[in-house]
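Q: These protein sequences, in sequence, are chains A and B. Mapping the first sequence onto numbering that gives the first Met the number 0, position 232 (from 1) lands on 231, and the numbers just tick up by one. Mapping the second sequence onto numbering that gives the first Met the number 0, position 183 (from 1) lands on 182, and the numbers just tick up by one.
In case anyone wonders, no lab produced these hints; they're calculated from the structure. One should not assume that every hint holds.
No distinction is drawn between identical chains; accordingly, a pair holds when it is met within one copy or between any pair of copies.
As the list claims (entries may be wrong) - Cut-off 25 Å, straight-line C-alpha distance, at most; resulting in silico cross-link-like pairs (BS3-like, lysine-lysine): (1) K429 <-> K304; (2) K190 <-> K106; (3) K429 <-> K312; (4) K304 <-> K186; (5) K429 <-> K64; (6) K284 <-> K64; (7) K125 <-> K312; (8) K186 <-> K367; (9) K444 <-> K429; (10) K365 <-> K304; (11) K365 <-> K312; (12) K125 <-> K190; (13) K125 <-> K284; (14) K190 <-> K365; (15) K284 <-> K367; (16) K312 <-> K190; (17) K444 <-> K65; (18) K186 <-> K365; (19) K186 <-> K284; (20) K284 <-> K190; (21) K312 <-> K367; (22) K63 <-> K367; (23) K64 <-> K186; (24) K367 <-> K106; (25) K65 <-> K186; (26) K63 <-> K312.
Please read all numbers here as calculations on a predicted model, not as lab measurements.
Residues per chain are reported as follows:
Protein chains: 2
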Amino acid sequence: MTKPGKDVKFRHRGSASSAKGRRLSTSMSDVSENPSEPSRSPTRIEELVKATEVEPANQSEYEKKKANFVTRTIWTLVMIAFFFFCMFAGHIYIIMVVTAVQIISFKEVIAIANVPSKARSLRFTKSLNWYFLGSFMYFVYGESVIYYFKHILLVDRVLLPLATHHRFISFMLYIIGFVFFVSSLQKGHYKFQFTQFAWTHMALFLIVGQAHFVINNIFEGMIWFFLPVAMVITNDIWAYICGITFGRTPLIKISPKKTWEGFLGAWFFTIIFGIGFSNIMSRYKYFICPVNDLGANIWTGLECKPNPVFIPKQYSLPVPLPDGVNLPTTFSIAPMQFHVFALATFASLIAPFGGFFASGLKRTFKIKDFGDSIPGHGGMTDRMDCQFIMGSIAFMYYQSFIAVYKTSVGGIIEAAITGLTAEEQMEVVKILSRHLVNQEVIPSKVLEYLDGQLKRR
Amino acid sequence: MTKPGKDVKFRHRGSASSAKGRRLSTSMSDVSENPSEPSRSPTRIEELVKATEVEPANQSEYEKKKANFVTRTIWTLVMIAFFFFCMFAGHIYIIMVVTAVQIISFKEVIAIANVPSKARSLRFTKSLNWYFLGSFMYFVYGESVIYYFKHILLVDRVLLPLATHHRFISFMLYIIGFVFFVSSLQKGHYKFQFTQFAWTHMALFLIVGQAHFVINNIFEGMIWFFLPVAMVITNDIWAYICGITFGRTPLIKISPKKTWEGFLGAWFFTIIFGIGFSNIMSRYKYFICPVNDLGANIWTGLECKPNPVFIPKQYSLPVPLPDGVNLPTTFSIAPMQFHVFALATFASLIAPFGGFFASGLKRTFKIKDFGDSIPGHGGMTDRMDCQFIMGSIAFMYYQSFIAVYKTSVGGIIEAAITGLTAEEQMEVVKILSRHLVNQEVIPSKVLEYLDGQLKRR
Chain A
0 MTKPGKDVKF
10 RHRGSASSAK
20 GRRLSTSMSD
30 VSENPSEPSR
40 SPTRIEELVK
50 ATEVEPANQS
60 EYEKKKANFV
70 TRTIWTLVMI
80 AFFFFCMFAG
90 HIYIIMVVTA
100 VQIISFKEVI
110 AIANVPSKAR
120 SLRFTKSLNW
130 YFLGSFMYFV
140 YGESVIYYFK
150 HILLVDRVLL
160 PLATHHRFIS
170 FMLYIIGFVF
180 FVSSLQKGHY
190 KFQFTQFAWT
200 HMALFLIVGQ
210 AHFVINNIFE
220 GMIWFFLPVA
230 MVITNDIWAY
240 ICGITFGRTP
250 LIKISPKKTW
260 EGFLGAWFFT
270 IIFGIGFSNI
280 MSRYKYFICP
290 VNDLGANIWT
300 GLECKPNPVF
310 IPKQYSLPVP
320 LPDGVNLPTT
330 FSIAPMQFHV
340 FALATFASLI
350 APFGGFFASG
360 LKRTFKIKDF
370 GDSIPGHGGM
380 TDRMDCQFIM
390 GSIAFMYYQS
400 FIAVYKTSVG
410 GIIEAAITGL
420 TAEEQMEVVK
430 ILSRHLVNQE
440 VIPSKVLEYL
450 DGQLKRR
Chain B
0 MTKPGKDVKF
10 RHRGSASSAK
20 GRRLSTSMSD
30 VSENPSEPSR
40 SPTRIEELVK
50 ATEVEPANQS
60 EYEKKKANFV
70 TRTIWTLVMI
80 AFFFFCMFAG
90 HIYIIMVVTA
100 VQIISFKEVI
110 AIANVPSKAR
120 SLRFTKSLNW
130 YFLGSFMYFV
140 YGESVIYYFK
150 HILLVDRVLL
160 PLATHHRFIS
170 FMLYIIGFVF
180 FVSSLQKGHY
190 KFQFTQFAWT
200 HMALFLIVGQ
210 AHFVINNIFE
220 GMIWFFLPVA
230 MVITNDIWAY
240 ICGITFGRTP
250 LIKISPKKTW
260 EGFLGAWFFT
270 IIFGIGFSNI
280 MSRYKYFICP
290 VNDLGANIWT
300 GLECKPNPVF
310 IPKQYSLPVP
320 LPDGVNLPTT
330 FSIAPMQFHV
340 FALATFASLI
350 APFGGFFASG
360 LKRTFKIKDF
370 GDSIPGHGGM
380 TDRMDCQFIM
390 GSIAFMYYQS
400 FIAVYKTSVG
410 GIIEAAITGL
420 TAEEQMEVVK
430 ILSRHLVNQE
440 VIPSKVLEYL
450 DGQLKRR
């Protein structure tokens with residue numbers, strides 16, 4: 000294996016100069032192919048020159064890069080293995096992974112704005128950040144648990160008041176933090192303290208808020224979590240491959256290395272990947288069923304009536320084929336495939352902006368990485384910037400276009416029994432019976448008999 | 000009328016040196032009463048000295064203050080008149096007032112962080128702020144309208160898709176702004192642009208987010224809007240009165256002029272005021288009914304079954320009275336009075352921190368007022384800082400402890416007919432009948448007859 004080849008592979012895995020190499024990866028790396036292009040990125044060219052000259056010039060730097068590459072590869076494999084283990088072990092484990100990711104990301108983002116020398120004289124700034132994280136997580140996790148496990152919470156005497164007053168309790172927790180923040184304002188530190196406050200809110204909104212949607216995706220079914228995650232990674236890889244292979248035409252100013260060819264190619268391959276991958280996952284109820292049992296894992300499986308988007312439907316061509324062309328005019332396609340098209344488009348078009356945003360932040364604070372949480376990879380936030388925004392989009396899309404409106408016999412019975420008096424329940428029985436008589440589902444005699452019996456009391 | 004007297008009155012109406020005079024108004028103004036107190040506020044003492052010496056020393060400054068006082072009084076009366084006119088004219092008018100207040104406040108808050116010289120070279124910073132305001136308002140107003148006017152929206156063909164996809168549409172509007180923000184990042188301006196971005200989000204969260212709750216309060220019934228507003232104003236006035244009359248013991252460090260006496264006195268009088276005021280409002284359905292008709296005003300009135308909190312209940316003393324004491328041991332009290340106690344406590348204890356927060360911001364940016372939207376009063380934000388946080392608390396409290404869980408016979412019938420198949424509806428009739436038989440509300444014969452009839456089909 001030649002050295003430049005190794006170098007390319009190294010960049011491909013995510014790049015050491017994180018902000019530049021990783022996300023702006025629709026790159027026209029092969030600058031020599033493109034001599035007419037004005038050299039907007041002297042740094043990158045210098046890097047390439049260095050990379051090709053690395054052996055004679057600087058053996059030890061090459062050794063260092065190689066060591067880093069090995070660390071990085073090992074940790075990538077470890078993370079992938081761990082991720083799959085958790086995903087198959089059960090929804091609760093993958094939720095724990097997302098929770099850990101969000102806490103580490105929050106820590107990293109908070110740290111870059113917290114100038115320690117100043118913070119030392121203010122005793123509570125750091126604790127307050129963690130307090131806000133705790134109370135906001137209490138709020139969003141509570142919301143999810145209440146929404147998905149109502150049937151368990153509402154029959155538990157201890158948990159019931161926590162559930163019915165959840166928003167008030169959460170808001171009070173926030174208000175306590177707010178009051179404490181105002182009380183801790185110290186003359187001469189106002190600007191620093193208010194900046195911290197605003198920064199914490201931004202981090203809560205962008206990290207914890209969006210992780211909340213990712214967790215809701217998991218509750219709705221593993222596919223709604225894993226498909227967007229896999230699409231973002233796929234898009235990243237194909238943008239890089241198409242970029243170095245065909246990249247010619249610059250796409251946007253902000254990122255001079257992005258090309259139309261890389262962008263369109265990645266989009267195309269993300270759709271192809273999404274169709275195939277969703278097709279495979281659709282066959283396993285463990286992936287498509289919402290979590291009605293937190294003890295489920297890949298071996299026990301899950302049971303549910305699948306969402307109709309997974310069931311193939313007949314579609315006909317809107318116009319007849321010309322004479323002589325002997326092809327089928329009807330197709331059997333699961334509606335999911337159309338949704339995959341939309342999700343792949345979001346993963347290709349919008350999600351990268353999460354990465355650009357993170358890059359901009361890093362440049363603002365003149366840092367290379369958000370942290371060193373993952374050996375060889377930099378910070379957690381560096382790996383997750385595009386995942387958060389993609390998770391939110393997937394959640395909103397799912398809720399708006401895919402989720403089935405959840406009226407069930409059980410839900411209606413529950414609402415009637417818990418919320419109505421016996422007289423009102425009788426009213427429901429009578430009105431619904433009359434409706435069924437009108438619809439000619441049951442004979443009108445039933446209604447007469449009911450009325451007679453109920454009057455006699 | 001003597002000059003010092005005028006000066007006191009002038010301060011009472013809200014003070015010109017806004018941040019200091021208005022909200023920190025539990026003041027120990029009468030410093031001479033308190034010679035042992037360490038003089039933590041030399042500025043204030045100097046002011047007082049100036050005020051008593053104002054006539055011989057500086058005639059024109061006194062004239063200026065007097066003119067400002069007249070302007071201020073006139074505008075106070077104009078605003079009060081306008082407020083009452085809108086409140087009686089109908090809910091839609093008072094919602095328009097709140098909307099105007101939030102837009103003006105947003106403008107003021109955005110303006111103080113926007114250094115114009117820098118912004119001029121960046122074309123879209125200002126437009127982007129307004130875009131975010133617009134899309135966030137679209138989101139929150141849409142949420143309210145959908146929640147309270149579902150029955151109108153769901154039967155309208157044009158509005159239905161806007162309602163069912165509301166969150167997705169709003170989120171996409173936000174994402175468009177986000178993508179545009181990232182695209183508009185310019186080298187050398189990163190710090191300024193990210194600060195603007197964070198600042199806009201804070202303003203949206205603290206102003207538009209909280210105004211959303213205030214508007215929901217209006218929809219729930221005029222009393223839930225007007226009572227908190229009036230309580231904050233009452234508390235403000237009484238804190239000032241009790242502070243200058245009894246003020247001795249300093250309360251907290253952040254605001255050396257706050258005293259325990261002023262705080263406790265204001266709390267007491269706010270409770271008294273709240274009990275009387277809510278008692279009066281409870282008698283008018285225009286105030287206690289939720290808005291089921293947007294065309295209603297004080298003359299047409301509103302109709303509804305009042306919330307049970309407004310209906311007096313019998314309460315008994317938990318312990319018997321000692322022998323010989325001949326007093327009634329049962330009382331008839333509307334539960335609302337207990338809720339008034341809680342709300343008054345929030346208005347006295349928590350709401351002032353909204354004002355402290357705003358003061359801190361003003362000191363950070365070294366400005367006297369947020370703007371000059373109201374002649375003689377300073378900015379809109381200066382008047383509203385405590386109202387926003389009180390409105391949110393009132394909303395959360397109302398939702399958690401007062402709102403009646405809205406299960407109705409009509410709602411259940413609607414859910415069953417629109418969401419279930421005929422078979423499932425039959426299932427509901429049977430299960431509910433069986434429940435009523437189990438509860439011995441109807442004879443078991445009914446169930447047997449129903450089963451027989453339904454099987455025969």
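Q: Now tell me, hint by hint, if it's right for this structure.
A: To see whether the hints hold, each was checked on the structure:
1. K429 <-> K304: between (31 Å within a copy, 23 Å between copies)
2. K190 <-> K106: Answer is both: 21 Å inside a copy and 21 Å across each meet the 25 Å cutoff.
3. K429 <-> K312: Answer is neither: 38 Å inside a copy and 33 Å across each miss the 25 Å cutoff.
4. K304 <-> K186: Result: close neither inside a copy nor across copies, 61 Å intra and 53 Å inter.
5. K429 <-> K64: neither (78 Å within a copy, 73 Å between copies)
6. K284 <-> K64: neither (44 Å within a copy, 76 Å between copies)
7. K125 <-> K312: neither (55 Å within a copy, 48 Å between copies)
8. K186 <-> K367: Between copies, since 16 Å is at most 25 Å while 33 Å is not.
9. K444 <-> K429: both (13 Å within a copy, 16 Å between copies)
10. K365 <-> K304: Answer is neither; intra-copy 52 Å and inter-copy 62 Å both fail.
11. K365 <-> K312: For K365 and K312, the Cα distance exceeds 25 Å both inside one copy (53 Å) and across copies (65 Å).
12. K125 <-> K190: both (16 Å within a copy, 22 Å between copies)
13. K125 <-> K284: Answer is neither; intra-copy 44 Å and inter-copy 49 Å both fail.
14. K190 <-> K365: both (20 Å within a copy, 10 Å between copies)
15. K284 <-> K367: Intra 42 Å, inter 63 Å, cutoff 25 Å: neither.
16. K312 <-> K190: Neither way: K312 and K190 sit 60 Å apart in one copy and 52 Å across, limit 25 Å.
17. K444 <-> K65: Cα proximity of K444 and K65: none, with 86 Å in one copy and 84 Å across.
18. K186 <-> K365: This pair counts as between: shortest inter-copy Cα distance 12 Å, intra-copy 28 Å.
19. K186 <-> K284: Answer is neither; intra-copy 59 Å and inter-copy 49 Å both fail.
20. K284 <-> K190: neither (53 Å within a copy, 48 Å between copies)
21. K312 <-> K367: Cα proximity of K312 and K367: none, with 50 Å in one copy and 66 Å across.
22. K63 <-> K367: Answer is within; shortest intra-copy Cα gap is 17 Å, inter-copy 57 Å.
23. K64 <-> K186: neither (48 Å within a copy, 29 Å between copies)
24. K367 <-> K106: Only inside one copy: K367 and K106 sit 16 Å apart there, 36 Å across copies, limit 25 Å.
25. K65 <-> K186: For K65 and K186, the Cα distance exceeds 25 Å both inside one copy (51 Å) and across copies (33 Å).
26. K63 <-> K312: Result: close neither inside a copy nor across copies, 56 Å intra and 79 Å inter.
Going down the numbered hints, you'll see the structure goes against 3, 4, 5, 6, 7, 10, 11, 13, 15, 16, 17, 19, 20, 21, 23, 25, 26, while the others check out.
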